[in-house]
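K.L.:
Below, each chain spelled out in residue letters.
There are 2 protein chains.
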Amino acid sequence: MGLILSVDIGGTQIRAALFERGSTTPLRAERTPTKAHAPGVYDRLEALVASIWPQDQTVDAIGLASPGPLDPHTGIVIATPNIKEWKNFPLTEKLFARFHVPVFLDNDANLACLGEWKFGAGQGHEDVLFLTLSTGIGGGVVSGGRLMQGYHGLAAELGHTTVWPDGPLCGCGKHGHIEAISSGTAIARYAREQIEAGRPSLMDSLSTITSRDVSDAAAQGDLLAIETLARAGKYLGIALANFLAAFDPSVVIFGGGASNSGPALFDPLYASLRENIFDPTYLKNLTFAKATLGDDAGLLGAQALAVLSAPDH
Amino acid sequence: MGLILSVDIGGTQIRAALFERGSTTPLRAERTPTKAHAPGVYDRLEALVASIWPQDQTVDAIGLASPGPLDPHTGIVIATPNIKEWKNFPLTEKLFARFHVPVFLDNDANLACLGEWKFGAGQGHEDVLFLTLSTGIGGGVVSGGRLMQGYHGLAAELGHTTVWPDGPLCGCGKHGHIEAISSGTAIARYAREQIEAGRPSLMDSLSTITSRDVSDAAAQGDLLAIETLARAGKYLGIALANFLAAFDPSVVIFGGGASNSGPALFDPLYASLRENIFDPTYLKNLTFAKATLGDDAGLLGAQALAVLSAPDH
Chain A
1 MGLILSVDIG GTQIRAALFE RGSTTPLRAE RTPTKAHAPG VYDRLEALVA
51 SIWPQDQTVD AIGLASPGPL DPHTGIVIAT PNIKEWKNFP LTEKLFARFH
101 VPVFLDNDAN LACLGEWKFG AGQGHEDVLF LTLSTGIGGG VVSGGRLMQG
151 YHGLAAELGH TTVWPDGPLC GCGKHGHIEA ISSGTAIARY AREQIEAGRP
201 SLMDSLSTIT SRDVSDAAAQ GDLLAIETLA RAGKYLGIAL ANFLAAFDPS
251 VVIFGGGASN SGPALFDPLY ASLRENIFDP TYLKNLTFAK ATLGDDAGLL
301 GAQALAVLSA PDH
Chain B
1 MGLILSVDIG GTQIRAALFE RGSTTPLRAE RTPTKAHAPG VYDRLEALVA
51 SIWPQDQTVD AIGLASPGPL DPHTGIVIAT PNIKEWKNFP LTEKLFARFH
101 VPVFLDNDAN LACLGEWKFG AGQGHEDVLF LTLSTGIGGG VVSGGRLMQG
151 YHGLAAELGH TTVWPDGPLC GCGKHGHIEA ISSGTAIARY AREQIEAGRP
201 SLMDSLSTIT SRDVSDAAAQ GDLLAIETLA RAGKYLGIAL ANFLAAFDPS
251 VVIFGGGASN SGPALFDPLY ASLRENIFDP TYLKNLTFAK ATLGDDAGLL
301 GAQALAVLSA PDH
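Protein chains in written order, with this note's numbering: chain A, 1 to 313; chain B, 1 to 313.
If you are wondering where the hints come from, they were derived from the structure by calculation, not from laboratory data.
One should not assume that every hint holds.
Remember, identical chains collapse to one label, so a pair may be satisfied in a single copy or spanning two.
[Said to hold, decoys possible] Each computed PhoX-like pair below joins lysine-lysine, with the alpha-carbon atoms no more than 25 Å apart:
| hint | residue 1 | residue 2 |
| --- | --- | --- |
| 1 | K87 | K284 |
| 2 | K84 | K284 |
| 3 | K118 | K87 |
| 4 | K35 | K118 |
| 5 | K290 | K118 |
| 6 | K118 | K94 |
The structure displayed is predicted, hence computed values, not measured ones.
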């Protein structure tokens, strides 16, 4: 049985690692700057993979985590916000032509879910809901022991679900998506707008506000910060009630920077979830967890995808 | 390879049928009144199964479709609105003790989805979203060629997802669920409330109003009926956009009486879906279909469940 080569394509760096199946400690690992807006992103990626390719062992498969939207069934990156030169880019086909092993691709949120399931907070579960609260809100779902991908590979794009039809404008151009209310970006924006409208706050001296600033201020008793996180938590609780009714997981895993917002976010979130879930059975034995893999979630998820998808040798 | 015995437990009758695997034409079929509120529902069910049990062939498994909530993993009916004597009722265990073959159970909406997938409008697809628009709104999902059940067996309870936090009260006691806005019951209720509030309508002479009456009136140009169905369609479009982002199916199948409401419901629904879906890729090659199995969906879905779950003999 050969090795798995994992790649995580991030906005600032591309990371690659060589794993034995099921190991979280890479045999080799390298990284290179993405330089997303400069030409040659693919060439840098290919050179990085070549740089850790083993001379004395076989590689069974390559697993790739990339920002989406992308199609995991065809291996085509449809478009990424960062890497402008990748439009309908046949990523797996190009890597297969160069390295002659099966190549598997999925988006970073799905693979973070898969990584947490196999190696992190989701171990032992068969029904996993992963939510990343970051600049946006991403989702991933394992149902009955299998990653949900969907027909176009766009399943579990949970940030773009409407919970408030007349609510704030989302980055995607639609209104009232949970990402537009409860992401880190949305939390920071609401606090800033309220301060600009004249609300007093400890944050009013800051030149820019992040969701971290809001949770810091909330911890110091700042009323605007507390209200801001309560609002985000309330709608996140509504969205989570919807996701439980849709997927019925046994564990909900929160990742991303804004998942460190503490009880000022999570107390209102859980209260709203309890208020909005239509059947308390969903909450029976339901585990809530923080993601444990951190920056390695993409690499480990890509390994898991390749292991699950590739035939044994 | 033996036969499959299917049972569909309805509010007014229990139906049982004996199938060769993969056949939609039963070798034998019988039915008995459910008498849901009278004692002895289980005894009637058991006697019905015994009445079609073959003398000269083996039965590999029994498949059961029942109203929920129920747990398909344990075979326990938690509660059904109709059959009051079934509280945490170990239905599959009792049938196994009597007939000594594996028994599989799921709720009627999930099994209608499974039936349509194997025998009806979902054939050839691997990612199916089934929505039944009836007195309530039920859902079922096949993802990657497998029925989604969830940890407690409560996945795809899509009628109870919030699309309008301050919206109408749902039968479950929560506000703004899509079932409270766009089910047949909700459509009829909204029309009645508007007439009681003094709105003119062709329906104002009716002593009771059904969703069928509303679609008939809409077809005659009744403005209130048209607005009523447009409102239901608008929110159903928002919900459907959420469901596509969650499950990314290749076919959406509508069942239930209110799915016969015609363009007065479906034109606003599709317009709202197009307006609310955040990425048009979801709609690429997406098929919309009417359920084709009618009253046989539960029996055929129960057969499919048993075939998928039971070992071959």
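K.L.:
None of the hints should be skipped; say for each whether it holds.
P.N.:
Consistency of the hints with the structure:
For a Cα distance limit of 25 Å, the shortest separation of K87 from K284 across copies, 17 Å, qualifies, whereas the shortest one inside one copy, 44 Å, does not. For a Cα distance limit of 25 Å, the shortest separation of K84 from K284 across copies, 23 Å, qualifies, whereas the shortest one inside one copy, 45 Å, does not. For the homomeric pair K118 and K87, neither the shortest alpha-carbon distance inside one copy (31 Å) nor that between copies (37 Å) is at most 25 Å. Neither within a single protomer nor between protomers do K35 and K118 lie at most 25 Å apart by alpha-carbon distance, with minima of 31 Å and 48 Å respectively.
For the homomeric pair K290 and K118, the shortest alpha-carbon distance inside one copy (15 Å) is at most 25 Å, but the shortest distance between copies (39 Å) is not. For the identical chains of this complex, K118 and K94 are neighbours neither inside a copy (28 Å) nor across copies (37 Å), given an alpha-carbon limit of 25 Å.
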